[in-house]
Amino acid sequence: MFVALLNAWLAELDRQFAAAQTGGESVPRQVAAMAAGVNEIYHVAGTKWNILLEFWAKSKADPEVARSTVEMIRRYQGFFQQLLDRGVSEGSLRVENSNLAATLVLSAVLGLLLQGILDPEGQDWGALMQRVLSMLMESMSGGKP
Numbered sequence: 001m002f003v004a005l006l007n008a009w010l011a012e013l014d015r016q017f018a019a020a021q022t023g024g025e026s027v028p029r030q031v032a033a034m035a036a037g038v039n040e041i042y043h044v045a046g047t048k049w050n051i052l053l054e055f056w057a058k059s060k061a062d063p064e065v066a067r068s069t070v071e072m073i074r075r076y077q078g079f080f081q082q083l084l085d086r087g088v089s090e091g092s093l094r095v096e097n098s099n100l101a102a103t104l105v106l107s108a109v110l111g112l113l114l115q116g117i118l119d120p121e122g123q124d125w126g127a128l129m130q131r132v133l134s135m136l137m138e139s140m141s142g143g144k145p
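No gaps in the numbering here: position 40 of the sequence shown is 40 in this note's numbering, and each next residue is one more.
These aren't lab readings, by the way, just hints derived from the structure by calculation. Since this is a predicted model, take the numbers as computed values, not measurements. For each residue, glycine too, the CB sits at the ideal point set by N, CA and C. Possibly wrong hints are sitting among the right ones.
[Claimed, not checked] Cβ pair distances, simulated, as ranges:
{"no.": "1", "residue 1": "R94", "residue 2": "Q115", "range": "26 to 32 Å"}
{"no.": "2", "residue 1": "G142", "residue 2": "E12", "range": "31 to 37 Å"}
{"no.": "3", "residue 1": "R75", "residue 2": "L53", "range": "37 to 43 Å"}
{"no.": "4", "residue 1": "Q123", "residue 2": "L13", "range": "27 to 33 Å"}
{"no.": "5", "residue 1": "I73", "residue 2": "G24", "range": "25 to 31 Å"}
{"no.": "6", "residue 1": "N7", "residue 2": "R94", "range": "21 to 27 Å"}
{"no.": "7", "residue 1": "N99", "residue 2": "D124", "range": "39 to 45 Å"}
{"no.": "8", "residue 1": "L100", "residue 2": "A18", "range": "22 to 28 Å"}
{"no.": "9", "residue 1": "G142", "residue 2": "G122", "range": "31 to 37 Å"}
{"no.": "10", "residue 1": "E138", "residue 2": "Q77", "range": "36 to 42 Å"}
{"no.": "11", "residue 1": "S89", "residue 2": "N50", "range": "16 to 22 Å"}
{"no.": "12", "residue 1": "L100", "residue 2": "D124", "range": "26 to 32 Å"}
{"no.": "13", "residue 1": "D14", "residue 2": "V88", "range": "30 to 36 Å"}
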């Protein structure tokens, strides 16, 4: 039940990411669109983000949830790695190690999600996510978005 609930919630996030990849934009612009989608989800979902924290906590005690957590992390790691590889192929990014770069992107996203869950009033976390991902894309593109 718990895993199914999280998977349904992540399916919405996946739809946002898929929508951002249409239209032939460069990878840095696609990432910006994804971040904007996450910003919308931050403001609409509100406490639904808490399910992610509950999921992580439950994964320490429940092997099924732990397996799902690892699968989720690996899936998004692979997603970001493929996205960055595409950016290198199209010439919009200069990344020597896409696996390492994908780890950096995913770590930034998960870290900001965690901060937003724990301190929801501390900042506009969705807007900060947009700025952080923009900065990462700019650094990976050699300064050209």
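Hint by hint, here is what the structure shows:
{"no.": "1", "hint": "R94 to Q115: 26 to 32 Å", "in the structure": "holds (29 Å)"}
{"no.": "2", "hint": "G142 to E12: 31 to 37 Å", "in the structure": "holds (34 Å)"}
{"no.": "3", "hint": "R75 to L53: 37 to 43 Å", "in the structure": "violated (19 Å)"}
{"no.": "4", "hint": "Q123 to L13: 27 to 33 Å", "in the structure": "violated (20 Å)"}
{"no.": "5", "hint": "I73 to G24: 25 to 31 Å", "in the structure": "holds (29 Å)"}
{"no.": "6", "hint": "N7 to R94: 21 to 27 Å", "in the structure": "violated (35 Å)"}
{"no.": "7", "hint": "N99 to D124: 39 to 45 Å", "in the structure": "violated (31 Å)"}
{"no.": "8", "hint": "L100 to A18: 22 to 28 Å", "in the structure": "holds (25 Å)"}
{"no.": "9", "hint": "G142 to G122: 31 to 37 Å", "in the structure": "holds (32 Å)"}
{"no.": "10", "hint": "E138 to Q77: 36 to 42 Å", "in the structure": "violated (22 Å)"}
{"no.": "11", "hint": "S89 to N50: 16 to 22 Å", "in the structure": "violated (38 Å)"}
{"no.": "12", "hint": "L100 to D124: 26 to 32 Å", "in the structure": "holds (29 Å)"}
{"no.": "13", "hint": "D14 to V88: 30 to 36 Å", "in the structure": "violated (23 Å)"}
The structure shown violates the earlier hints numbered 3, 4, 6, 7, 10, 11, 13.
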